[in-house]
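Asks: Throughout, our numbering is defined as the position within the sequence shown, counted from one, plus 308.
Quick caveat, the hints were computed from the structure, so don't treat them as lab data. Small disclaimer: the values here were computed from a predicted structure and weren't measured. Take the hints with a grain of salt, since some may be wrong.
[Said to hold, decoys possible] For lysine-lysine, the following DSS-like pairs were computed, each having C-alpha atoms within a straight-line distance of at most 25 Å:
#1 Lys310 with Lys572
#2 Lys525 with Lys572
#3 Lys371 with Lys396
#4 Lys596 with Lys310
#5 Lys596 with Lys407
#6 Lys596 with Lys390
#7 Lys371 with Lys572
#8 Lys407 with Lys371
#9 Lys572 with Lys396
#10 Lys407 with Lys396
[Said to hold, decoys possible] Okay, the calculated beta carbon distance ranges per label pair:
#11 Asp479 with Thr521: 37 to 43 Å
#12 Arg378 with Gly481: 32 to 38 Å
#13 His485 with Glu602: 40 to 46 Å
#14 Lys390 with Asp541: 48 to 54 Å
Beta carbons: idealized from backbone N, C-alpha and C, even for Gly.
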Amino acid sequence: MKRICSIQGGGIRGIIPCCALVELERQTGRLSQDVFDWIGGTSTGALLTAAVAAGIPAEQSLKVYTDRGREIFSPTNGFLRKANLVRKGRQFDNRVLHKVVVETLGSAAGWTINQCPISVMITAGDQAGNIWYFVKDRSNNSRKTGDCLLVDAAVASACATTYHDPWLIPDGGNFAHGGYFADGGTVGLADPVYELCVEAFVGEKCYGDINPTNDVKVISLGTGYYQPQGNPDPPGNLFRRIAWVTSALVGASKSIAQQAMELKWPNRLHHPFNPPLPTDIDEADVDKIPKLLEVGQQMASAIDWRAVLEL
């Protein structure tokens, strides 16, 4: 049995899929790294992907969200965030994000993608609008990204437009495509589950080592969704409209990815877990950490991981 895990983007709402991983490790007594053959993610999902690949316990990752979320998403004051957006084109400092991720990964912060003990895929977009899949170099792929540092790929994927500046990934080793990269959600990959399966499965235009005709489980972990009642009025000012556009694009790409999975592999491989949110929660709203913990733990407690993964 091969097992694949895909994790959506969503900023501080990464607490929700992280709670699911905490419960997986509690039920199985194993690290997520030892359970999954492939793991991939976008934005906050990319940060969790890096942590899982590095063998960081999910409980430790959860503490990063709860204990250092205010550090990453500082300033928390709405007026100051808007001032930064007008003056700098972003609300938060990506150097703080990088510092926290380096400290979280520890010695694994120096790993390249090729050095990860399990297969990974991290999505990002460059400043020309091109989609990038940071995966291990293989004989049957382009071998462009394996020498990129794991931490650089993860931080770049987490630098969401209007939240953080794009992240500069330098050339290094055989990675000769340095430059500025940003959140994979900006190129339509807020939910990378379909592309992750394309990378993992053997077949036309696929580069992995898993045959979907054999036993395989695909787990898709979401960061929650909010469905407003009726058809709300449009946003009333520029800042709210920017937030609406960003959220709508991310939400649409997630829906498309889930639909693609059901069309390609209906009711066979795909096990999505994505709970409803009681209110619309911004990706940087650290005041909602307690509510996100509540939602995430409630979802996680309902998952029988041994049954789902046939462990």
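Asks: So, for every hint listed, does it hold in this structure?
Replies: Status of each hint after checking the structure:
no.: 1; hint: Lys310 with Lys572; result: holds, 18 Å
no.: 2; hint: Lys525 with Lys572; result: holds, 14 Å
no.: 3; hint: Lys371 with Lys396; result: violated, 30 Å
no.: 4; hint: Lys596 with Lys310; result: violated, 36 Å
no.: 5; hint: Lys596 with Lys407; result: holds, 23 Å
no.: 6; hint: Lys596 with Lys390; result: holds, 19 Å
no.: 7; hint: Lys371 with Lys572; result: violated, 37 Å
no.: 8; hint: Lys407 with Lys371; result: holds, 16 Å
no.: 9; hint: Lys572 with Lys396; result: violated, 42 Å
no.: 10; hint: Lys407 with Lys396; result: holds, 20 Å
no.: 11; hint: Asp479 with Thr521: 37 to 43 Å; result: holds, 40 Å
no.: 12; hint: Arg378 with Gly481: 32 to 38 Å; result: holds, 36 Å
no.: 13; hint: His485 with Glu602: 40 to 46 Å; result: holds, 42 Å
no.: 14; hint: Lys390 with Asp541: 48 to 54 Å; result: violated, 21 Å
In this structure, the earlier hints numbered 3, 4, 7, 9 and 14 are contradicted, and the remaining ones agree with it.
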